[in-house]
Each structure stands twice: as C-alpha cells, then as structure tokens.
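Student: Single-letter residue listing:
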Amino acid sequence: MQIDLRTVSIKPLRNTFDHLVRRFGDKPASRYQEGSYDIQADANLQYRPTWDPEHELHDPGRTAIVMADWYAFKDPRQYYYGAYTLARARQQESAESSFEFVESRGLLAQMDEATRALALAVLMPLRHAAWGANMNNTGMCADGYGTLITQPCMYHAMDNLGVAQYLTRLGLLLGDVTTLDAGREAWLNDVRWQPLRRLVEKTLVTQDWFELFVAQNFVLDGLLYPLIYEQFVDKHLNAHGGAGVSMLTAFMGEWHGETRRWIDSVIKIAAAESDANKALLTEWTRQWRGAAVEALSPIAQQALGDTAADVLATVDQSFNDRAAKLGLTL
Amino acid sequence: MDMQVKKKLGLKEKYALMTRNLGWEPSYEKREDVYPLLDYEGIKIHDWDKWEDPFRLTMDSYWKYQAEKERKLYAIIDAFNQNNGHLNVTDARYINAMKIFLSAVPSLEYNAHRGFARLGRHMGGVGPQVACQMQAIDEIRHCQTQIHSISNYNRFYNGIHDWKYMNDRLWYLSVPKSFFEDACSCGPFEFIIAIGFSFEYVLTNLVFVPFVSGAAYNGDMGTMTFGFSAQSDEARHMTLGLEVIKFMLEQDPANLPIVQKWIDKWTWRGVRLLTIVAMMMDYMLPKRVMSWKEAWEIYFEQNGMSLFKDLARYGIKVPDCVEQIKKEKDHLSHQAWTTFYAAAPMTNFHTWIPSDDELDWLSSKYPDTFDKYYRPRFEFFREQAEKGERFVNPNLPQLCQVCQIPMLFTEPDDPTQIAYRQVEHAGEKYHFCSDHCQHIFEHEPEKYVEAWLPVHQILQGNCFAKGDDPTAPDFNPIASVMKWWHLENGKDNGDFAGSEDEKNFAQWRGMATSNT
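Protein chains in written order, with the working numbering: chain A, 1 to 330; chain B, 1 to 516.
Please keep in mind that the hints were generated in silico from the structure rather than gathered at the bench. You may find that some hints are simply not true.
What the hints assert, rightly or not - With a Cα cut of at most 35 angstroms, we get these calculated DSBU-like pairs of lysine-lysine:
#, chain 1, residue 1, chain 2, residue 2
1, B, K246, A, K202
2, A, K268, B, K387
3, B, K447, A, K202
4, B, K447, B, K287
5, A, K11, B, K69
6, A, K74, B, K50
7, A, K27, A, K11
8, B, K8, A, K235
9, B, K72, A, K74
What you are looking at is a predicted structure, and each value in this text was computed from that prediction instead of being measured.
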C-alpha cells in the first residue's frame, strides 16, 4: 500500500548546473557530482605560487602522469564530505563499542605476557608510520590536480591520523605511556625498524605526488596492512589469545578493505589512460614494492618468527596479483 | 582482569600523545627537505613544541560530531527543497544575494581547503599540522554544503547555472578569485595570517552575519541552516588564527615587522573584498538585518579593535588603512550598488532601484551622506527608467591592479572625486583604487603584474566566444564576451523588474498559496 501524499508541484527550469550537464547530460545530479566535479579553479589563474614558481597554483604538471581529463577519477565510494563523515561516524561507533567490550570483559587479560609484549612491539612503532602516511596524503591533496582525486586524499589523510590515534589508544589500554615511548624508541633506533623509517622518510621527500600515491597508498600500505592486520593480528595473535587486539584493530582491517577499492580505481584508470602512464606506474610500483618488501621483512621476522618469510611471500604475491588485475605488469 | 593501576592522563597530555607525539625528527633525510617551505618568508620559529593547541579534537570525536551536524543539515535542506521553501523567501529579489554567494563563496572555501592542506603538510610541527588539516577538511565541507544548500535555487532561477565556469571568468568574480589565489600563492606563514587571522578572525563576522542572518531574516531556511551548522567549525578556525599569530610573535621579535606588514596588507585586501557584502546588506536583502555601517561598527570598530588591543603587548599596531575604512563606511555600499546597477547587462544577477521605503531606510541609516550624495542618483536613475532610458554605463571600467574592483571608490576626504592612483613599473603604467592597494603593489610588483584583469583581457581580445570573428563587419564585442561568460542575455542579467525570475516567482507563489 502506498499513501499518496501531495506537495505543490512546480516544474523546474533546469535539472542541474551546466558543467554537470556537459559531463552527464541534462538530468538531476547527485550530491557527489555537485560537490566534486570541476570545482577546482582551472582557468585564468592569477599568480605564480612563491613556493613553486615553475608551476601555476593548480597545475597538472606536478606529476609525470598525464590525463586528458583529471575528472576521470570517480571515487567508487562517491565520498563527498557528508557521505565520508557519516561512513566514518558509523565505524567509530562500532570501534567505540569494541573498545568498551574488550575493556569490560577483560579480553586483553587472556593474552600471556609474551604475546602482549609482542603485540605492542609490533604495533606501537606503526603509530609513526601512520603519521607519515597522513603527511603524504595531505601533501597529495595540496599538490594534486582536480577535486575528484585531491578530495579523497584529504579524507584518507584524516583516516591515517585516526589509525595512529586508535593505535595510541590501544597502547594506552594494553600498556601505558612508557609503552608508547618504547614504540617510539624502536621507530627511531631499533635496527629492525630502521629500513621502514628510512623508506617512510624517503616518501616524505618524494616530489611527484602521483608517485607518492603509488608508493604510500598502493604499495607500502598495500603490503603493510595485510601483513600486520590480517596476518599478524587476526591470525597470529588471535591464535595466541589475542582476540582482544583483533577487536581493537577491526577499524584498520575494515578501512583497508574499503579504501582499497578507491586506490585500485585510481591506479586502474590512470594505467588505462595511456601506455606511458602504464609504464610509469609499473616502474614506480616495481621500485617501491622492492623497497617496501625489504623494509617490512625484519618487522615480519619480529612479528611472525619462523613463518615470516612464507607469509611475506604470500602477501607479496597477492599484491602482485592485485597489481596485475589493475593493468600493471610487474 | 587488568590489575595495573594506571596513571590517569590529563586531557592535554592525552591529546599530545594522540598528535604531537606521533611526529619525529627525520634523520635519513634532511629536515629542510621534508619541510622545504619554512624558511623563505623570513619567519623564525625556534621551538615548534611551544605551540599551544587551539582546540583538542581527536578523529573519532571529529567524525562523530561532524556527522551529527551533517545529518541535521541535510535533513533540513531536503525538507526545505521538498516543500518549495524558495517560495517562502520574503521576495524574489532576495535570491540575487544567493546568486552572488554561490558565484563567489564556495570557490573561496575551496581554495582555503587546498591552502590549508598545504599547511597541514608543510608546517613544522604536528600540533599546527593537525589543526590546519582539520581546517582543510572543514573548508571542503563548507564549499560543498554551500553548493548543496543553494543548488535548488538554480533549478528555479536564472544566473547561477554555470557558477563555477563564471567564477574563473566573469569580470566582478575576479575580485574574490584573485583574493584567494593571492593568499594561496603566498608562503605558509603569510597564507595563515591572510586567511586564518585577517579573514577568519578579523573579518569573518562581516561575511557570516550578513549572509546567514540575512537568510534567517528572509525566510531562507536552507542557507540559514548551513550557516548555523558551520558556526562551530568557524569558532575552531578563529582560535587557530589567533593561536598562530601569537605563536609567531612569541617565537622571535624579528617576526613582528613581517607579521605587521601582512596584517596591514590582508586587512585592506579583506575589506576591499567585503565591498560586495556591504552592498548586499544595504540593497539586496528585502528584510534588512542591519546596515553595513552598523555591522562595521560592531564587528570591526568594537570587536576587531579590542582584538588589536590584546595584540598590542606584542607590538602589533592597528593597520593604517583603518582610518580610511572609517571614512568609507558611509559610502561603500552606495557606490557599489550604483556601479552594479549601471553595469546590469553584464552581471549574472538582477539589480533594481530601491523602493521609496528602502530609500528612506537608507537615509535614516546614513544621515550624513545618503540624501546628499546618493539619493539624487537613484532618483535620476528612476526618472530615466520611467522615460524608457534606463541608465547603463556603456564603458568597460578601469580596474584596480591589486583588488581588481572597478575604480568606483572616491577620495577618502572628497566623496565627489573618484580616487585614482598610478605607478610606473618596468615601463608600464599600473592603476590603483587607493593608496593602500598601491602600496601593496609597490611592495611586490612582480606578483601583481601577473594579475588576470578581466577588462584588460577583454580589450586584448582574449575573452571572445569561440568561433566569433572579431574582424567580421557585424561583430558585436559585448555580445561575444557575454557568450564567452555563458551569460544568457535577457535572463541572467539586467533589471529585476520584468525579469523571468520576477514573473515565475509571482506565478509559483500564486500556485502555492491560492487555488487559481
């Protein structure tokens, strides 16, 4: 049954803005479209930026990737600010109840001391890696071209900060301030963490923002998240009474799965644009993957012991499969 | 059970662990390569740890609070649109204020978004980086919620059907465009003084009160709700602006003259930009909130001055331009509206001659100037219009090289004399509306010679519609430029009286309120 409620109906003069009609035809536009397409200034820019006089304020030339239309990068999640915050608010609500659940049932006490220490030794330095990812994504938002790709980079940056903050809470719950200090000390000085820190610092001085996207979002986090959150936390720790930790990092796993769809679409669209793009993306992916696997291997060793090499090989292999599906031949 | 007794962390301590504790000093790469933008403006920061967080908001709370606000806002926008809320505004002239708003403001918010992203990456400490990142993501919120609040007007009224395209081209929109592109092309410290301090802190009330209160006074619930929803974000942005200026001044005494110069420049740039807001308040809101002069007195002369008093202990002085602004407050809105009235064929909103009631209101709000200088002009315009000779300025106006506003301002001490300033630089002559714009130019001529001035561009032949031949005998340059702007002649521009907007609004309101 439908109840036939009526409102005064007036025929509008037009469906939506002209720039959207030119792209999608004369029909009503979604809020994602209205809030994202073409909204960055792209003509008659006024002054050369003092921080980069070689380029215009918004300039497609800040990367070697070439696109005929930078608005090809439709986000499969169609996140504009409202849709993004609503999605994250739901996730933080469930993260909040996980934290409450774990605390109230004393789930963390099920772990023995060695497992607890291992969990912290592996997870705490990653607060800093997440901060590096935050800086990189913020930088991509600043340097990128076209709102369709710069906008999700900003959301991604805030998510990276959220991850660092969930890890911080986890550390404080499982330990205390000295736990965070120990993680920091490992990040700065422990030999096992130096290759990763060196790699992260290298991303921080990488100039081409699209290469940085490949290095940070596609390659490094594409290897790190499966290794740490799927293999180490969800499998290894879980098997050793660490289900509580698994609950506390549920956000990271879910988030990685969701954002992967967006990252894959970016790589796929850019690679499909031209052979030159595909060659560049392949080259970048190859280089950064080699460096990332190397940097992650002492950490895998610390986390997984004897099985580390096999697990890392599996993670690497599924990353290569993923890259192949997106059109890269590594 | 967890038997450890943990030390309870204070809020400040906990927030530090959630933010600044995440950063580290790079050692594999040089600090100046990781943060390459910190030195070239001459600002000296010795200890980034001295930064005081202006607010403490972790991401989980940010998502939670912001999502609540978004839910409410979009529910109200949907209800407003579904119920044809646009027919409940005081009078269809009001919608022209929203046309200006959509044409100009979301692009400003957007540039603020990208500018703050740059700072979020390049500031030298996690504390200020995170604060700037939050502002970066808030600003895209404002850009999008503004578009979403106003997009329904586009479905029913003319003028904003191609707002973004026009923002990059239409003559008067180069004023806001050049303002923000100027700020974004500055280094990080000047940018944050320009936007975070001068614009957000000193002038933000003078944008928000007119538009948002204007919406509330005139029955525009969608825009009003956007404004109220943005208010708590703005409060955060203001505390950031203030914290930044204090931090810079406390770090090194050598920063003072640089900061003072920026405050002087950006206060003036901001006030010039507000000219159009002044006009909107005094002429375009059918139900007035207050006069521009009153708003200026409350929000600048009282609130703004008490801020400068606070900053006096650091050696900050009230900008010199304030004296001139004081003199202009009695004239600004009238000079702007007469200019737009005379340029009506070339704007994407409608203009009109104020009604008798409105003229009386203006007389009462501006007793020293309105009857003497401006009322006679409107009476003349009205006589001309009644004779069928509607007054139009046939010339393309000269623009100020810095603020890009047509030369419409008078000498501060002589309201009958248009102010012109001229400077020669590298063999070319440049023109300015005021001493202050001239000084800004003289300080950075290499920047301002790059300005994209719409009138110059038109005269150079860069703004004709594709396919039009300027050498053809029947070539009409103005028609061609309007076509290039995507301005629909006879619909988007000209008088409100007799416009399609006027006709449609009356007919639709009739349909919605009666049975005929």
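Student: Now look at each hint and say whether the structure bears it out.
Tutor: Tested hints:
1. A threshold of 35 angstroms between alpha carbons decides the hint, and for K246/B with K202/A the separation of about 33 angstroms falls inside it, so the pair holds.
2. Of the supplied pair hints, the one linking K268/A and K387/B is violated, its CA atoms being roughly 65 angstroms apart against a limit of 35 angstroms.
3. With a CA separation close to 33 angstroms, the supplied pair K447/B and K202/A stays within the 35 angstroms bound.
4. Taking the CA atoms of K447/B and K287/B, the gap is near 41 angstroms; set against the 35 angstroms cutoff, the hint is violated.
5. Straight-line distance between C-alpha atoms of K11/A and K69/B comes to about 31 angstroms, which keeps the hinted pair within the 35 angstroms bound.
6. The suggested pairing of K74/A with K50/B is violated, with an alpha-carbon distance near 42 angstroms, which exceeds 35 angstroms.
7. Simply put, K27/A and K11/A have alpha-carbon atoms about 14 angstroms apart, close enough for the 35 angstroms limit, and the pair holds.
8. The straight-line distance between the Cα atoms of K8/B and K235/A is roughly 33 angstroms, inside the 35 angstroms bound, and the hint therefore holds.
9. Taking the CA atoms of K72/B and K74/A, the gap is about 27 angstroms. The hint holds against a cut of 35 angstroms.
The structure fails to meet hints 2, 4 and 6 from the earlier list, while all remaining hints are met.
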